[in-house]
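Q: Each chain is listed here by its residues.
Number of protein chains: 4
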Amino acid sequence: MKSEYLELKRACYEANMELPNLGLVVYTFGNVSAVNREKAVFAIKPSGLPYKDLKPEDIVIVDYDNQVVEGKMRPSSDTKTHAFLYKHWQKIGGICHTHSTYAVSWAQSQMDIPIFGTTHADHNTKDIPCAPPMSDELIAGDYEHMTGQQILDCFSEKNLSYEEVEMILIGNHGPFTWGKNAQKAVYNSRVLEEIARMAYLTLQINPNAARLKEALIQKHYERKHGEGAYYGQEGC
Amino acid sequence: MKSEYLELKRACYEANMELPNLGLVVYTFGNVSAVNREKAVFAIKPSGLPYKDLKPEDIVIVDYDNQVVEGKMRPSSDTKTHAFLYKHWQKIGGICHTHSTYAVSWAQSQMDIPIFGTTHADHNTKDIPCAPPMSDELIAGDYEHMTGQQILDCFSEKNLSYEEVEMILIGNHGPFTWGKNAQKAVYNSRVLEEIARMAYLTLQINPNAARLKEALIQKHYERKHGEGAYYGQEGC
Amino acid sequence: MKSEYLELKRACYEANMELPNLGLVVYTFGNVSAVNREKAVFAIKPSGLPYKDLKPEDIVIVDYDNQVVEGKMRPSSDTKTHAFLYKHWQKIGGICHTHSTYAVSWAQSQMDIPIFGTTHADHNTKDIPCAPPMSDELIAGDYEHMTGQQILDCFSEKNLSYEEVEMILIGNHGPFTWGKNAQKAVYNSRVLEEIARMAYLTLQINPNAARLKEALIQKHYERKHGEGAYYGQEGC
Amino acid sequence: MKSEYLELKRACYEANMELPNLGLVVYTFGNVSAVNREKAVFAIKPSGLPYKDLKPEDIVIVDYDNQVVEGKMRPSSDTKTHAFLYKHWQKIGGICHTHSTYAVSWAQSQMDIPIFGTTHADHNTKDIPCAPPMSDELIAGDYEHMTGQQILDCFSEKNLSYEEVEMILIGNHGPFTWGKNAQKAVYNSRVLEEIARMAYLTLQINPNAARLKEALIQKHYERKHGEGAYYGQEGC
Chain E
1 MKSEYLELKR ACYEANMELP NLGLVVYTFG NVSAVNREKA VFAIKPSGLP
51 YKDLKPEDIV IVDYDNQVVE GKMRPSSDTK THAFLYKHWQ KIGGICHTHS
101 TYAVSWAQSQ MDIPIFGTTH ADHNTKDIPC APPMSDELIA GDYEHMTGQQ
151 ILDCFSEKNL SYEEVEMILI GNHGPFTWGK NAQKAVYNSR VLEEIARMAY
201 LTLQINPNAA RLKEALIQKH YERKHGEGAY YGQEGC
Chain R
1 MKSEYLELKR ACYEANMELP NLGLVVYTFG NVSAVNREKA VFAIKPSGLP
51 YKDLKPEDIV IVDYDNQVVE GKMRPSSDTK THAFLYKHWQ KIGGICHTHS
101 TYAVSWAQSQ MDIPIFGTTH ADHNTKDIPC APPMSDELIA GDYEHMTGQQ
151 ILDCFSEKNL SYEEVEMILI GNHGPFTWGK NAQKAVYNSR VLEEIARMAY
201 LTLQINPNAA RLKEALIQKH YERKHGEGAY YGQEGC
Chain A
1 MKSEYLELKR ACYEANMELP NLGLVVYTFG NVSAVNREKA VFAIKPSGLP
51 YKDLKPEDIV IVDYDNQVVE GKMRPSSDTK THAFLYKHWQ KIGGICHTHS
101 TYAVSWAQSQ MDIPIFGTTH ADHNTKDIPC APPMSDELIA GDYEHMTGQQ
151 ILDCFSEKNL SYEEVEMILI GNHGPFTWGK NAQKAVYNSR VLEEIARMAY
201 LTLQINPNAA RLKEALIQKH YERKHGEGAY YGQEGC
Chain D
1 MKSEYLELKR ACYEANMELP NLGLVVYTFG NVSAVNREKA VFAIKPSGLP
51 YKDLKPEDIV IVDYDNQVVE GKMRPSSDTK THAFLYKHWQ KIGGICHTHS
101 TYAVSWAQSQ MDIPIFGTTH ADHNTKDIPC APPMSDELIA GDYEHMTGQQ
151 ILDCFSEKNL SYEEVEMILI GNHGPFTWGK NAQKAVYNSR VLEEIARMAY
201 LTLQINPNAA RLKEALIQKH YERKHGEGAY YGQEGC
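Protein chains in written order, with full-length UniProt numbering: chain E, 1 to 236; chain R, 1 to 236; chain A, 1 to 236; chain D, 1 to 236.
Chain E on its own, in the form it takes in the complex (with noise of 0.2 Å):
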């Protein structure tokens, strides 16, 4: 089985396989494509395939206008969102979608998550945005590419960059993520669902639980990620 993809597709395959490993996905609730920005194609699990019988052939690509590249298999019905944002957003190298609990659970209250802590500015400055479900007309149309374009009007309209804050909420649905490559968008999901689970449990111990504090949140983000960064090693 010869291919020009097969490293893609093992990198999309591996990253898939951490989902049902981090507590992310029952069954087949969840997808992660991994970009080729050389080759303009991302690779993408099959629609519907149960995690325990996934093997990295069965990995479909795609180019960004949804057409099939390679691969037996139908890509995953969220694929258009995929293409959609690999087109506008060029930096990205992975994308994960997921409907684990605490984000599926925040985005079914229709809420913007608060930051309420470190946890959460180690890895971003912004509150986890919930974008408002799109209007009937767009769902009757073309459903997953408008999911993109919902994406982008959200980040659009809270003016936040998709480089700093690499994860939303589509409400009533459930939580997007994305990052350098695959591995980080997976990385970004588990995140999102502590930094969830951490921030219901805030609230209900402490209704009237505050965001934390501008000095703390820079402080935190700018160790981490900001030029003088000393978190981590040289060169990760």
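Note that these hints are calculated values from the structure, not bench results.
This one's a predicted model, so the numbers in the text were calculated from it and none came from an experiment.
Below, in silico cross-link-like pairs of lysine-lysine (DSS-like), each with a Cα-Cα straight-line distance of 25 Å or less:
hint, chain 1, residue 1, chain 2, residue 2
1, E, 180, D, 52
2, D, 213, A, 158
3, E, 72, R, 224
4, D, 158, D, 184
5, R, 224, E, 80
6, D, 52, A, 52
7, D, 184, A, 55
8, D, 52, E, 52
9, A, 52, D, 224
10, D, 72, E, 224
11, R, 52, A, 55
12, E, 224, E, 180
13, D, 52, E, 55
14, D, 52, E, 184
With chain E held as given, fit chains R, A and D onto it using these hints.
A: Here is chains R, A and D on its own, set in the frame of chain E:
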């Protein structure tokens, strides 16, 4: 040990063994059955046997009138409920009953589970019905038989189709689910538990959370189950 | 290592080792004992020994007056409570004490656990009693001995039978459970934890949730424990 | 690879590896250190290294003035907090920092954890303190160093002894725990997480739950830690 029901017993056994693996039962709390429509019998877990001790040959074969056709052990105490449903709902192939934590908690609350998101709409378009507890007269009578009647009455009163909504909560008791086969019935129990958990969390985060709007309910259900469904692989 | 208590120690050891497997204890939080009525002694876990280090030969043999009969280690700090119960309740064969999360949380709330559903009624027909904290004088006295008295007093005041209700919460402390043998005592601790969790969730979903009605309480308890019981296998 | 710190690194490594096993960390969220008082150095986890990749030789040796004594990797970004505590609290042998779910949620609520039961009193007699966030000036300065100062100030203001209360919450951040060695510091993090979870659940079940009364606090603490302690084995 010759038997014309070996395959049926095996399918029933394997579906039962999924329950502890999926975290849906402790000890003996639950049972799955699988029907053979041609022979008009179903296979069901023996009563009160811990899952860790269960073997395929322990599975009991019963007809629609609750008579044991094959097997040395006493069938599940809920056998009459299974028989009733198989008799009245010709298109189901498997039934599952558990005492899973979140589904039971909604049942104990005597509340339908509102449809809050696409995770729910991917499986059906209605609130998950909770049947009110039966009258004292019926409880004192043929209780497990009448539990089947209770389920049918609830679907009739709420104008639901058992082919679309493959799950119900029995008030103060717990969930029953079904499907084209035993494996699908178990799948539905796992999905119901997740939906129940997410709906609980949603109401904790936002007590005024709104039901999913109709356009999204239809979109998600149709893309997976409608005529032009494009979720999953061809023929799956 | 000759001993006339090898079998008793083994039964006690195995019941203790169930606790971490069932998620009911962390570190050293809990203890199980098993009685031999003929010899009028019981076997109990040594105090403060982590479960991962526990071996059958570490189990200590104690009589009903708290005297160590065999064993090199100090018995559980709760030994006097076990001894007291064995002395006063002739028909029990095992006792289990844990600090399991949900049972402790109800104990810290100083509230009985209401009987909300059939999962509860399958095991007994009463709210799970929570004994109020003992007086300062008794605490300063023979505390663990008086904990036994506290349990008896609570059952007496609430007119409960220890043969039916095999579990109690000690206010601000945690659960004690018992049964015909040590294994059943552990089973009851696991069941109590699940009942406690479901009752907590039920009240979160519906703060006005009603107790299970009497007809259902009796039906479920009787079908499992009554004269005409048909749950489980003959002779089990 | 010769080193005079092999044993210290090994102890630090093993304590760190307990964190993912105990469910207290995901990815790189947390760090444990172990001190050698004679050599006046401590061993600490490298910054940003996933636990699954951690090896004993990666552990970094640092002195009380934050200077790396041995090791190729950058030490934890929280190193200065550890150094500060080792310098000021002569009797501690290990320190642990995590972002465990329930402890962080209380920290994000900026609330002390009330002492509601004996599980808590078995470990100390006080509410678990939550230090208020530091001033913007201090955050902008030597943040991790000042986190140590923040901890000392909180203990001073609340008149607490670090030898009795071996845990604190940093407001909006998360828990630090310590003990006679690194293993005990990790033990305290696990215990704190359980206490935090039980206190949360207690307030959900009974918002008016009362603190444990003083006689029980003293009784449980003294039987485990007092002069006449009888919990555990001699010399343990």
